[in-house]
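Student: Each chain, written out:
There are 4 protein chains.
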Amino acid sequence: MTDKRQGEKSPFEEAIWIGTGNMGLPMAKNLLLSGIKLGVHNRTPDKLAPLLAAGARATSDLSGSLSRTPLVFSMLADDAAVREVASKQGGILDSLPTGGVHVSMGTLSPSFVEDLAKRHRERGQILVSAPVFGRPDRAQAGTLTIVAAGPSGNLDAVVPLLECMGSPVFRVGENPSVANHIKLLGNFTLGGLLETLAESLSLARKVGVSPTQLVEILDTAIYRSPVFRNYGQMMAREEFRPAGFRMRLGLKDVRLVLSEADRVEASLPLADLLHAGLLSGIHRGLEDWDWSALGQVRAEDAGAVRQNASVRHPPED
Amino acid sequence: MTDKRQGEKSPFEEAIWIGTGNMGLPMAKNLLLSGIKLGVHNRTPDKLAPLLAAGARATSDLSGSLSRTPLVFSMLADDAAVREVASKQGGILDSLPTGGVHVSMGTLSPSFVEDLAKRHRERGQILVSAPVFGRPDRAQAGTLTIVAAGPSGNLDAVVPLLECMGSPVFRVGENPSVANHIKLLGNFTLGGLLETLAESLSLARKVGVSPTQLVEILDTAIYRSPVFRNYGQMMAREEFRPAGFRMRLGLKDVRLVLSEADRVEASLPLADLLHAGLLSGIHRGLEDWDWSALGQVRAEDAGAVRQNASVRHPPED
Amino acid sequence: MTDKRQGEKSPFEEAIWIGTGNMGLPMAKNLLLSGIKLGVHNRTPDKLAPLLAAGARATSDLSGSLSRTPLVFSMLADDAAVREVASKQGGILDSLPTGGVHVSMGTLSPSFVEDLAKRHRERGQILVSAPVFGRPDRAQAGTLTIVAAGPSGNLDAVVPLLECMGSPVFRVGENPSVANHIKLLGNFTLGGLLETLAESLSLARKVGVSPTQLVEILDTAIYRSPVFRNYGQMMAREEFRPAGFRMRLGLKDVRLVLSEADRVEASLPLADLLHAGLLSGIHRGLEDWDWSALGQVRAEDAGAVRQNASVRHPPED
Amino acid sequence: MTDKRQGEKSPFEEAIWIGTGNMGLPMAKNLLLSGIKLGVHNRTPDKLAPLLAAGARATSDLSGSLSRTPLVFSMLADDAAVREVASKQGGILDSLPTGGVHVSMGTLSPSFVEDLAKRHRERGQILVSAPVFGRPDRAQAGTLTIVAAGPSGNLDAVVPLLECMGSPVFRVGENPSVANHIKLLGNFTLGGLLETLAESLSLARKVGVSPTQLVEILDTAIYRSPVFRNYGQMMAREEFRPAGFRMRLGLKDVRLVLSEADRVEASLPLADLLHAGLLSGIHRGLEDWDWSALGQVRAEDAGAVRQNASVRHPPED
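Those protein sequences? They're chains R, H, A and W, same order as listed.
Per numbering that gives the first Met the number 0, the first sequence starts with residue 0, numbered consecutively.
Per numbering that gives the first Met the number 0, the second sequence starts with residue 0, numbered consecutively.
Per numbering that gives the first Met the number 0, the third sequence starts with residue 0, numbered consecutively.
Per numbering that gives the first Met the number 0, the fourth sequence starts with residue 0, numbered consecutively.
Please note: incorrect hints may appear among the correct ones.
A pair holds if it fits inside one copy or across any two, identical chains being indistinguishable in the list.
Simulated crosslink set (DSS-like; lysine-lysine; CA at most 30 angstroms straight-line) [said to hold, decoys possible]:
id: 1; residue 1: K8; residue 2: K205
id: 2; residue 1: K117; residue 2: K205
id: 3; residue 1: K87; residue 2: K117
id: 4; residue 1: K87; residue 2: K36
id: 5; residue 1: K205; residue 2: K87
id: 6; residue 1: K87; residue 2: K8
id: 7; residue 1: K251; residue 2: K87
id: 8; residue 1: K251; residue 2: K117
id: 9; residue 1: K36; residue 2: K205
id: 10; residue 1: K46; residue 2: K205
id: 11; residue 1: K8; residue 2: K251
id: 12; residue 1: K8; residue 2: K36
id: 13; residue 1: K117; residue 2: K8
id: 14; residue 1: K46; residue 2: K87
Hints in this document: simulated from the structure, not taken from any laboratory.
Using the sequences and the hints given, assemble the complete structure.
Tutor: This is the structure in structure tokens:
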């Protein structure tokens, strides 16, 4: 069912890369290892230095460069950032030639991606959506998990390049937004794990079970999963800061899930629970804590820790 | 924090084993490998044959045997079964000598275990609670995960024997019921995983994401956990029968969790959700399906599969 | 706090009325009793006959009539219907003179009303929002409850006319959308009543309490409320058809409430429950039943009635 | 269906009354107006003065008096208090003659009442359960609502006496515990009203609707119910103290409802919500506030009022 062709070669010899943040920079660096000629673009040119040192060239005239290149990658933070660079005068939609391919790798909303794909099609261009799972360390190591969707022939051409950034690359069909649904569902399952841990640890505290030991035992006995162990130990030790993924961002993704669910008339009671729990956390002053501080919210509601966490934990310097 | 002494030797040279079901039989067999002399007891003597072949002897006079042995193991299905063999005339409480140790390995409720420990103490006997994680295959392979609690000196003496049945053996303190809390919390975290999967797969079906592919991708990208993959694929393929763990039993454990939570005044909204979902499943006729058929309940409520599952899936032969 | 001036006279001598459905027709008829000259408009002129008989005149040229009249009422089904008649060429926004007043009496979303008010202001026109509580029988009797918001001086001029249609008329300030929030919150409190009744009656059935007697007793002992009694008896007797207010419409209002809540970052767990319950009802085939058939959903989930209601209750002829 | 015989006369000429608290005292006083000879009993004899002044006589020897009287009323706070006076040596069960009738009017759990009825039957005695709706003011005015269940002939004899204390008296069949189920369901519907109001008012505050005006309008337009108006205005004005019914007591009743639901395998998601909300309130320090302070909990979670209510509202003197 899942097609992982490895070792094939991409027909592309050059590309443009847009977006050189914590994720985009190491991803572009790994792409250079494929031997492709890479033009890189950033609103703040200073950020490009490491890539220029690795063999990329800077594209000061983005519109002109786009018009001469059949392939552009974007790795941007959200819908708004992609909308800006895609829709502006001289942006991707305007400038990419007919038959050109846009590989969007950011975490975007499925409905935005559907709309973007349509607009590319109207111009004879192609959108491949290829969001990634993993944090900056995996981006550097080239071990991201990548989910790619788009027209089959274009995927054939692009996947060998994606494999420089991560492996496996999962191909999930012709409809680009399906890849973004999967990314979003992945974040929702993490939310479900947080709720599960939050309640388990609250009860553990109240009945006299050691939180850290509980996580160790359940991971050994049942889960054997790094993500269970890591989030479990963060919650057990109440290490909610600095945030790896802020509660505010977790709420954003849960809202996107609920919005998709509403669109297709699916009820998701656990997602409702997460929505209420994260909102309550934000109103308790935990907005900038890691979203695993959902554990703090549930523990307060269960009387397992003292109330008023934000007073107890003064802001960091 | 967690103490795993391995390679030490138990001072016990003989013991009695009560309970030779799917789990108890292979566990007792592995215990024999430690070289201990083992008397085995079952209400249905036929069941003892494999153990007698492996070197155990049958104890027809349970009361007499108990009175001459310092150590008895029980591996029984529930509170009621242990209550019966412990409290009856000539049962464990009556017959075990002063200083004798009862190692209870079944999945019992924490409050029953607390009460049993008290009654042993009143007679100068000792209760060690040592519930296990794992199914019959791991019991046979001697790879169960065991959580043991009881007085420290007694644990020192018993753990080397437990290590013949599984490893690691986690020691979680002096209070026997803590081990049972951990076992129960483990089952609750599985319930949380089921709810998470059930809702994710419902939404996936409605937005056009392949359920089996979703599970494969999220396991690779995030969870890397056999239990996530196994339950996920069961739900994705709607393979709810034969049941590995019946919905009715899942409900029983969720009720025990809610009952403990109520006792200590903790609210557990996810446990409430599981309670309602499993009850609804039972009222839809899914009582004897695997508890992962919670996925069926959520999918019906979300309009992701046809209603009236029990009509659609006729009973097995 | 709430201002109910009665007996005053409106300075307006003529007005236009748009929307002559089940509600609009009797409301316009009552308005005629004030002595005002009323031009009436409907896309289907036949519907105007009863109003013409009562002294109104037909406005075939809506745009021309609007330009000569300082006051227009609209009583339309939803945002879309008002958007159409307000925004089209020669519509209300185009044609109403500077200083003209638009009294919108339909159940519209607060955010739509905010936007409409802004567009009226930009043209020097005034929006008064005046949604109503009550069904066609109360519209005929002139006993609707009306909630009016808009600039104070304009309210002074309009309220005497509204009082021909219902009483009391509550004035709730200068911001038109506040009136629509109140209407929406009213429907949400009805949803809360339905959930309360649904669960009470489910439990009653299971423990052997007569549902109809329960409703009678609780209404006498606690509620003394016609709406409690009416909805309670509908549910107790399982009289869900024909629908007074369809489940699909109930869902629409709950979604509007959740959407407003999301906008201001409020969590509403009961609204989430209603959303899930009504959606589940729709997926069970109850879309066109009265929204009190939430009682059917809860009773099925509690095992208090047989499953598969839609099969049991064949469609009406 | 509901039988309200009025104006008939009871065959009983004398009775004993146990329990003279805020409710019991005025109820006994009204019972005296029927002309019955009443012996009254209280552990603290001082409390009897007002009844003696009204014509009752004190029964110092409870056991002896019971053995000579065919009818005893109890109006006690909870299961424990009734268990004590019914089961002790020389208590009601011991001393009431064969054929004697015990009318229990307190708010007791249905399962306790079932058990008590069985024990009375075993002794040839009869239990009539007759819990009441209403507060001390209605007890004084003789306008309680009373729900009575028990053997039909005994009800015939007792109802004329109950009608001195309140009216209507609803007869709900032969099974005494059914009356207690109805009382409990009544309190649950109040809880549902509180949740509905709590969320409505939270959203109202955030979108700029006046809470007091909202309650007034919705009561006029929809509910027309004193209990809606009273609780609504308490919440709108944040007048949670002194408590009319403490949050801790509200929690107790919700727990009883959930316990009955669990026994018959009914899921009640709104009751779960109330359970979690009230528990959270208790852990926030609101234990002794009125249970309508659920409005405070929901408002804090929605960010509609400041956190940490208990700090903000110092304890009363």
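Student: My question is about K36 and K205: at a cut-off of 30 angstroms on alpha-carbon distance, are they close within one copy, between copies, both, or neither?
Tutor: neither (60 angstroms within a copy, 41 angstroms between copies)
Student: At most 30 angstroms between CA atoms: does that hold for K87 and K117 within a copy, between copies, both, or neither?
Tutor: both (17 angstroms within a copy, 29 angstroms between copies)
Student: Give the relationship of K205 and K87 under a CA distance limit of 30 angstroms: within one copy only, between copies only, both, or neither.
Tutor: neither (56 angstroms within a copy, 34 angstroms between copies)
Student: Can you give me the call for K251 and K117, within, between, both or neither, at a CA distance of at most 30 angstroms?
Tutor: Classified as both: same-chain Cα gap 25 angstroms, cross-chain 29 angstroms, threshold 30 angstroms.
Student: With identical chains, the pair K87 and K8 could be close in the same copy or across copies; at 30 angstroms between alpha carbons, which is it: within, between, both, or neither?
Tutor: Neither way: K87 and K8 sit 33 angstroms apart in one copy and 57 angstroms across, limit 30 angstroms.
Student: Go through the copies and call it for K87 and K36: within, between, both or neither, with a Cα cutoff of 30 angstroms.
Tutor: So K87 and K36 pass the 30 angstroms test inside one copy only (25 angstroms; across, 54 angstroms).
Student: I want to check one pair: K8 and K36. Are their C-alpha atoms no more than 30 angstroms apart within a copy, between two copies, both, or neither?
Tutor: within (15 angstroms within a copy, 66 angstroms between copies)
Student: Pop the pair K117 and K205 into one bin, within, between, both or neither, using alpha-carbon distances up to 30 angstroms.
Tutor: between (54 angstroms within a copy, 21 angstroms between copies)
Student: For K117 vs K8, is the C-alpha pair at or below 30 angstroms within one copy, between two copies, both, or neither?
Tutor: Result: close within a single copy only, 28 angstroms intra versus 58 angstroms inter.
Student: Is the C-alpha distance from K8 to K205 at most 30 angstroms within one copy, between copies, in both cases, or in neither?
Tutor: neither (58 angstroms within a copy, 35 angstroms between copies)
Student: Should K46 paired with K87 be assigned to within, between, both, or neither, using CA atoms and 30 angstroms as the limit?
Tutor: within (22 angstroms within a copy, 50 angstroms between copies)
Student: Given identical chains, is K46 near K205, meaning Cα to Cα at most 30 angstroms, within a copy, between copies, both, or neither?
Tutor: neither (50 angstroms within a copy, 41 angstroms between copies)
Of the numbered hints given earlier, the model fails hints 1, 5, 6, 9, 10 and 11; all others are met.
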